[in-house]
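J.: One letter stands for each residue in the lines below.
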Amino acid sequence: MNPRRVTLPVVLILVVSVLSGVACAKDDARMSALKAAEAARFQANVDADGKVLGQVLDDGLEYVHSNGEVNTKAEFIQSLTSGKRDYVATTFEIQGIRILGDVAIIRGTAKVTVADNGQSRDLDLGYTDVWLWKDKRWQMTAWRSARMPPPAAK
Amino acid sequence: MRTVLALLLVAAAPFAAADAPRGDEASARAALLARFDAALHADLPALETGLADDLEYCGVSATCSTKSQYIESVRSGKRKFKSLRPEIGRVRMFPDSAVLTGKVYSVSIVDGAERNVDAYFLVVLVWRDGRWQMTNQTSTSLTTTS
Chain A
1166 MNPRRVTLPV
1176 VLILVVSVLS
1186 GVACAKDDAR
1196 MSALKAAEAA
1206 RFQANVDADG
1216 KVLGQVLDDG
1226 LEYVHSNGEV
1236 NTKAEFIQSL
1246 TSGKRDYVAT
1256 TFEIQGIRIL
1266 GDVAIIRGTA
1276 KVTVADNGQS
1286 RDLDLGYTDV
1296 WLWKDKRWQM
1306 TAWRSARMPP
1316 PAAK
Chain B
48 MRTVLALLLV
58 AAAPFAAADA
68 PRGDEASARA
78 ALLARFDAAL
88 HADLPALETG
98 LADDLEYCGV
108 SATCSTKSQY
118 IESVRSGKRK
128 FKSLRPEIGR
138 VRMFPDSAVL
148 TGKVYSVSIV
158 DGAERNVDAY
168 FLVVLVWRDG
178 RWQMTNQTST
188 SLTTTS
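Just so you know, the sequences run in chain order A and B. Residue 1166 is where the first sequence starts when you use our numbering, and the numbers rise one by one after that. Residue 48 is where the second sequence starts when you use our numbering, and the numbers rise one by one after that.
To be clear, the hints were calculated from the coordinates, so they are not data collected in a lab. Take the hints with a grain of salt, since some may be wrong.
[What the hints assert, rightly or not] The calculated lysine-lysine pairs, modelled on DSSO-like cross-linking and capped at a C-alpha distance of 27 Å, are:
id: 1; chain 1: A; residue 1: 1276; chain 2: B; residue 2: 127
id: 2; chain 1: A; residue 1: 1238; chain 2: B; residue 2: 150
id: 3; chain 1: B; residue 1: 114; chain 2: B; residue 2: 127
Turn these sequences into a full structure, and let the hints steer you where they fit.
T.: Okay, here's the thing in structure tokens:
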């Protein structure tokens, strides 16, 4: 058998395998980065950390609060750093993550204690946020949440 | 030689797929409007086509449905719309997906009672099998409550 006839297909298979492996590793890295970005964002809300929020929020952010209030990125960050809205505590649980190319969807639940203009409330939320892979990092571009019904009403 | 060509074709397939025609913004808008229209008219075949198999449909009460659960709710009449008026605001296009946001004003009949729900929606469409399919819709009520 001609060695060249064997070698070339083998090399091609190896190249395809390596490229596939690189793609899988890239996907895993992006998934890890996305989970880390989500955790960092929730923590930055509590810390009112405008610098971190500036990194993890997309300039085109549409943030719709569960009470129907709508914020741009600048408005959202300003409301936290000014103390107008104070996320006293937040815990969250991711229910599902899907990465579709450079777009990712996270669906989850969150327990939030928030003080708006000095009035404190505990909220149980279901949420979906959409992230974009831009400038080699994940940035959240949309948030929608809704209040969970109280346990007795479920 | 045939083996080499076959392997080259396999290796090039993802790149060829990347160059395949994709839906544009107009078609994404049309797909979403068709989706709302199918819900209004309880058009099950249109919903089957327009909804992705991995649909997550999360309503204003924070409960989420799968595709089969959503279609069953329409088929059974549990989810019945009297009117449904969407207003698409922003559309953002990506290679295999589109993110659309806006408002929808609806009147539905739930357990015989009329219910008005006005909501902000967030929709993600994916381009699969040569058409747009809705893979996520999440809504937040417009109504401001404390």
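J.: Could you run down the list of hints and mark each one as holding or not?
T.: Going through the hints against the structure:
Of the supplied pair hints, the one linking residue 1276 of chain A and residue 127 of chain B is violated, its CA atoms being roughly 32 Å apart against a limit of 27 Å. Between residue 1238 of chain A and residue 150 of chain B the alpha-carbon distance is near 19 Å, which keeps this suggested pair within the 27 Å criterion. Annotation: proposed proximity of residue 114 of chain B to residue 127 of chain B holds, straight-line Cα distance about 16 Å (limit 27 Å).
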